[in-house]
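A.B. asks: Residue numbers (my numbering), protein chains in the order written: chain B, 1 to 199; chain D, 1 to 199.
Read the hints as simulated data drawn from the structure, not as lab findings. Each residue gets a CB set at the ideal place from its N, CA and C atoms; glycine is no exception. Take the hints with a grain of salt, since some may be wrong.
Stated by the list, open to error - Partial chain B-side listing against chain D, Cβ under 7 Å, derived:
| # | residue |
| --- | --- |
| 1 | 18 |
| 2 | 27 |
| 3 | 32 |
| 4 | 43 |
| 5 | 49 |
| 6 | 50 |
Claimed, not checked - Below, a list of computed lysine to aspartate or glutamate pairs in the DMTMM-like style, where the Cα atoms sit at most 25 Å apart:
| # | chain 1 | residue 1 | chain 2 | residue 2 |
| --- | --- | --- | --- | --- |
| 7 | B | 12 | D | 65 |
| 8 | D | 23 | B | 87 |
| 9 | D | 15 | B | 41 |
| 10 | B | 99 | D | 8 |
| 11 | D | 23 | B | 41 |
| 12 | D | 16 | B | 8 |
| 13 | D | 55 | B | 41 |
| 14 | B | 133 | B | 122 |
| 15 | B | 34 | D | 41 |
| 16 | B | 15 | D | 39 |
| 17 | B | 23 | D | 42 |
| 18 | B | 16 | D | 65 |
| 19 | D | 23 | B | 116 |
| 20 | D | 12 | B | 87 |
| 21 | D | 16 | B | 39 |
| 22 | B | 23 | D | 39 |
2 protein chains.
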Amino acid sequence: MNIPQIMERMIKMIKKLPAVGPKMAERLAYHILKMSQSEIDDLINSMQMARQIMKCCNICYNFSDQNPCQICSDITRKKHSILCVVETPQDLIAISKVKNYHGFYFVLGGALSPLDGIGPEDIRINKLIKRLKNANISEVIIATDTDSKGEVTATYIAKIIKKLNIKVTRLGYGLPVGGNIEYADEVTISRAIVGRQEM
Amino acid sequence: MNIPQIMERMIKMIKKLPAVGPKMAERLAYHILKMSQSEIDDLINSMQMARQIMKCCNICYNFSDQNPCQICSDITRKKHSILCVVETPQDLIAISKVKNYHGFYFVLGGALSPLDGIGPEDIRINKLIKRLKNANISEVIIATDTDSKGEVTATYIAKIIKKLNIKVTRLGYGLPVGGNIEYADEVTISRAIVGRQEM
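Excised from the complex, chain B in its bound form (with noise of 0.2 Å):
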């Protein structure tokens, strides 16, 4: 049996997602079938207004329910001067839950890739240095992730930055805490070893 065209339809448009493969996406289509007239109503409803209301804030290009967000409106953490780049709004969140930052963020919107032809000007690099010319920035802390576009895109920026006579400095690399010596890999440990520090 062909799956219905219809459906074929729906399958094409989920595993347009990050993240869904091909078996995800049938899975999800299937369920969509079968879920109450008001689940569905639901989830579509969450959808329309989330895009509704949420904004990119035109300073940190953070998506908020306010314009500037509500870190950036903050006045409490001029005081900081420090300005920590990210690559997605999910981990800016990851390091806002963290008690010790208290400084402004800048979401770069993905990392340099030269395979996937992602270069500087498909990420927001030239509004970060526009952004670090106007404001009263001391340092700024590049939290990339730590896979290999991230680590391009850092060594890429830090250049930038230096050039401006701004202090840059990469989120430290070792062992995470709560992980296991014996299953972490040869370069984590190395880096850990470069790291490491006095007790």
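Since chain B is already given, all that's left is putting chain D on it; use the hints.
C.D. replies: Showing chain D alone in chain B's frame:
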């Protein structure tokens, strides 16, 4: 920063979908914010259209754009008088891609799982019995999953069907084609030995 309430709501709705964990739900939610208006319209429209058009077949309980579905209305299948019992419509599609089965199907809509409180009345066992009593079926192939829930379901159904004097078979166990014996689990190898075939 707390995630805005409207965003939390969308994440909560997405998290209700099967196989979507908290991180995946967050990722999908932020992706939905970034989608263009036409992309989101296409996605929502495809979901709504599929729900409008797709029906549950009254005979086999598969989803189809017609009722009875293509398979149940295919008279050439009548000569086979075999019924294949599956857990989900996706299982039905997987089996229907195989060229050497031309019988009918029956979708249970799940598997027995006493630990999750899913008993015989929660899946279509009574409807299956009714169908077997009314249709001219000489053999039932049970094609439930080979995990513990699928096995319990197969055993339970087989007992009932035998009482109706209908032949019951189960899909053969063994090594998956293209598989590597080194990585096969012991239970599978043991089943493959029992099910060995002369060459």
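A.B. asks: Against this structure, judge whether each hint is valid.
C.D. replies: To see whether the hints hold, each was checked on the structure:
Hint status for residue 18 of chain B: holds, given a least beta-carbon distance of 5 Å to chain D, under 7 Å. A distance limit of 7 Å between C-beta atoms decides the matter here; for residue 27 of chain B the minimum to chain D is near 6 Å, and the interface restraint holds. Because the closest C-beta pair between residue 32 of chain B and chain D is about 5 Å apart, less than 7 Å, the hint holds. The closest approach between the C-beta of residue 43 of chain B and any C-beta of chain D is roughly 5 Å, which is under the 7 Å cut-off, so the hint is satisfied.
Interface hint status for residue 49 of chain B: upheld, as the beta-carbon distance to the closest one in chain D is roughly 6 Å, under 7 Å. Interface restraint check: residue 50 of chain B against chain D, minimum CB-CB distance 4 Å, threshold 7 Å, status holds. Restraint check for residue 12 of chain B and residue 65 of chain D: satisfied, since their Cα atoms lie roughly 17 Å apart, inside the 25 Å limit. Distance check on the hinted pair: residue 23 of chain D and residue 87 of chain B sit about 16 Å apart at the alpha-carbon level, within 25 Å; holds.
Restraint check for residue 15 of chain D and residue 41 of chain B: satisfied, since their Cα atoms lie roughly 15 Å apart, inside the 25 Å limit. Pair hint residue 99 of chain B plus residue 8 of chain D holds up; C-alpha atoms about 21 Å apart against a cutoff of 25 Å. For the hint pairing residue 23 of chain D with residue 41 of chain B, the CA-to-CA distance comes to about 23 Å; that is within 25 Å, so the pair holds. Taking the CA atoms of residue 16 of chain D and residue 8 of chain B, the gap is near 22 Å; set against the 25 Å cutoff, the hint holds.
With a CA separation close to 19 Å, the supplied pair residue 55 of chain D and residue 41 of chain B stays within the 25 Å bound. Restraint check for residue 133 of chain B and residue 122 of chain B: the C-alpha separation of about 20 Å stays at or below 25 Å, so the hint holds. Taking the CA atoms of residue 34 of chain B and residue 41 of chain D, the gap is near 21 Å; set against the 25 Å cutoff, the hint holds. Straight-line distance between C-alpha atoms of residue 15 of chain B and residue 39 of chain D comes to about 12 Å, which keeps the hinted pair within the 25 Å bound.
This hinted pair checks out: residue 23 of chain B and residue 42 of chain D have alpha carbons roughly 20 Å apart, not beyond 25 Å. For the hint linking residue 16 of chain B to residue 65 of chain D, the alpha-carbon distance of about 23 Å falls within 25 Å, and the restraint holds. Of the pairs offered as hints, the one joining residue 23 of chain D and residue 116 of chain B holds, with about 24 Å between alpha carbons and a cut-off of 25 Å not exceeded. Restraint check: the Cα-Cα separation between residue 12 of chain D and residue 87 of chain B comes to about 23 Å, which is no more than 25 Å; the hinted pair holds.
Proposed proximity of residue 16 of chain D and residue 39 of chain B is supported: the alpha carbons are some 10 Å apart, at most 25 Å. A distance of roughly 21 Å separates the Cα atoms of residue 23 of chain B and residue 39 of chain D; the hinted pair therefore holds under the 25 Å criterion.
In the structure shown, no violation is registered for any of the earlier numbered hints.
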